[in-house]
Structures are given as C-alpha cells and as structure tokens.
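S.K.: Chain by chain, the residues:
2 protein chains.
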Amino acid sequence: MKLYDSRRAPNPRRVRIFPAEKGIAVPAVEVDIIAREHLDGAAAYATPFGLLPVLEFDDGTRISESIAICRYFDALHPQPALFGEGALGVAHVEMWNRLLEHEYFRHVANAFRHTHPAMKELEKPQIAELAASSKPRALAFLEKFDRELAGRKFAAGDSYSVADITGLCAFDFMKVARIACPPEFSNVLRWHGDVSARPSATA
Amino acid sequence: MKLYDSRRAPNPRRVRIFPAEKGIAVPAVEVDIIAREHLDGAAAYATPFGLLPVLEFDDGTRISESIAICRYFDALHPQPALFGEGALGVAHVEMWNRLLEHEYFRHVANAFRHTHPAMKELEKPQIAELAASSKPRALAFLEKFDRELAGRKFAAGDSYSVADITGLCAFDFMKVARIACPPEFSNVLRWHGDVSARPSATA
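Residue numbers (this note's numbering), protein chains in the order written: chain G, 977 to 1179; chain S, 977 to 1179.
Where hints are given, some of them may not hold.
Note that the list lumps identical chains together, so a pair holds whenever it fits in one copy or between two copies.
Below are the DSS-like pairs computed for lysine-lysine, each with C-alpha atoms no more than 25 Å apart in a straight line [claimed, not checked]:
#1 Lys978 / Lys1100
#2 Lys1120 / Lys1100
#3 Lys1129 / Lys998
#4 Lys1111 / Lys1100
#5 Lys1111 / Lys998
It should be emphasised that the hints constitute simulated quantities derived from the structure, not laboratory data.
This one's a predicted model, so the numbers in the text were calculated from it and none came from an experiment.
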C-alpha cells in the first residue's frame, strides 16, 4: 500500500492527520503537483480525475478522495471513533465535516485557486469575481462557527473528529489564500490552538 | 421528527430517496424556497446556514446536510447497506459519492445557480463566467463516468448505493440547468434508466 501525497496541498494533509490520530503509519510518495506529475507525469496513471491524495494497494486497486481514504482506515481501526459514535453522533460529525468542507474550505480554496499565479495552468479559467466573493463567504462561515464553538470544545461536539481535521486544514490554508482570521473570533482561535497542539497536526 | 423539505431543490430529493430505499417513512414539511421561507420566513429558525433539507427532532435537535441525515437513518436501519460494506466497499461508495457530488453535481448546480433568473436573489453575485465553465466540466465528468459504467452496473460497484442517489439527482437536475446528456454516453443512459425505474425515484 502507498499514498500518493503532496505536502503543498491541503487535502492530502487531512489524510496524513487522520491515520496519525489512530497511530497508523502509511507509506507515502510525494507528488510534485507544480510539475504536474499528477496530471501528465509519473503519477498521472493513478489519478483519473487529477486529484490527490490517492491510496494505491499492491493489487492496483486505488481509492481517491481524502474522506474515502479516511473511511478505509476507520473501518479497519475503529478507535478512536473520528467519524462519531451512535446514530446522532455520526450524523453530527458528517454534518460538521460537510459544512466545514462546503461552506468554508471550498471558499478558502477558491480564493486561492482563482487568484494565485501558480494556479494559472491548473485552474482554467481563473475567475477573479469568484475569488472576490469567496473571501467574505469564508469569513461569514467563521463568524457562525465562532458562535458554535462558544458552546463546545471541538467542531462536532466534545470529542475530536474528522470535522476538526477538515477545519484545521482549511484554517491553515487561509494563509496561502491571504485571508486572516479576525482576532474577535476568540472561540475559533482557541479551537485552532487546541487542534494545532495535537501531535497529529505535524503529520 | 420532521424533515424540512423542498420539491424544487435537488438535495432534499436525495433525502427522500434514501429512506424510501430502506422502507422508512419520514414526515415532511414543504418549505417554499422561492418565497425564502428557509432564509427569512417560517422555517428560517431551523436553517442557520440557509440550507435544506433539515431533520428536526421533537427535542429541537437539528441535523442539516443531506448525507448527514442519510447517515442517521443508515445507523438505525443498516440494511440495505447504501453506504457500502467492508472497508474497501465503504471506501468505494464514499469515493464515488464524493466524485459525483464535487466533480459533477456541483458543476450542474453552478450552471443553474449562476444563470437562472429565479436564483438572482439567492446566489449573489451570479457569475456568468462560472456558469459557462461549469457545463463543459459536468460533461467531462459524464464522459469519464460512462467509461466506468461500462464495467459495472451501479456508480460504486455491482450494488445500488447512496452514490447512485447523488448521481440520479444531479443527472435529473441537468434538465433545469439546460445541459443535455449526449446520446453516445450509452452506459450513463443505461444506468440512468435503471436507477430511475426503482420505486424510490418517485419519492
């Protein structure tokens, strides 16, 4: 088994943190996305949709999509239960993982992808108007997330979950997207300090 | 328990089909999204992110996000296993559900949301350039999906899954987005005929 990985991109980071929280070691191959290795280079055969990360098994079976790879590890190593426990717990984690992905991470990514010169060849067309509308949407989400975090320790409740991993990777990608977290979002900043302090954050 | 639903929108349809496949009846309340009931009307209190569907419990607990609601039903009624079985089966269903959502449904939705006059007040700003780039992306996905479906019956394998539900809702929303499926994508059309013929498709 090996993971096609990229230290430059935020989604592969989710798939490094997740197994680290479970104590699983995954052999990784670094793919140079700037050199387009995943699109028309050595790793292209493994990424039919041009997306990283990809988990490849020795028999050639491949799983793409960060959360799909996380679910594979989760099925084999259920504890700690990073996708939640009990019907309502599972639903809350899925809800917050999706909200953080679609209402936050997506806008942070668009603010970067649709403006940065390094993305000119990868994101065609770059749409300046989309980037401009993405930054206020990311901040509007953070404002709501700040109110949520006033009442609980982690993104989806009192236990750390995959939603925290998605949130952390999105938050740290704001630096690349040139979006600053306003200092008045004190609950978000406390949460970010907590999840960043875990050993998995450096995975 | 009640489901805040909309017959006009594609995501709530996913949450009607899913329990129908499991034989679960869910009491629903129709929300008039054109009249903005979910944003500043009678249902606004239940939708902090302005998104439908929302599942509300008698104690006031609410779950938003279509797939989160599906996972709640799945945890209580595991059969048939619409999120896959076994570590690799679960990963394949998650992968294809996400690919269909992010690389297909998203583009179909953007083609509609960023052009249609009815969305002028709900999607601000409407970005014509984004809509224009969305249609070819949706069709590029369908071309790859057609090749995949040459080798299997359903989206994620030989069993029907939540990925088929996402795909069906996205495919049928192409009509609203004014995107036609090219007749040469015969595997996609065969698959669409199969999933449309199931009783759940009318839920």
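S.K.: Now, for every hint given, state plainly whether the structure supports it.
M.R.: Structure-based check of all given hints:
Taking identical chains as interchangeable, the C-alpha atoms of Lys978 and Lys1100 are never at most 25 Å apart, the minima being 30 Å within one chain and 43 Å between chains. Proximity of Lys1120 and Lys1100 under a CA criterion of 25 Å is satisfied inter-copy only: 19 Å between copies versus 32 Å inside one chain copy. With identical chains, the CA atoms of Lys1129 and Lys998 are at most 25 Å apart within one copy only, with a shortest distance of 20 Å there and 35 Å across copies. Both within a single protomer and between protomers do Lys1111 and Lys1100 lie at most 25 Å apart by alpha-carbon distance, with minima of 19 Å and 13 Å respectively.
With identical chains, the CA atoms of Lys1111 and Lys998 are never at most 25 Å apart, being 33 Å at best within one copy and 41 Å at best between copies.
Against the hints set out earlier in the document, violations occur for numbers 1 and 5.
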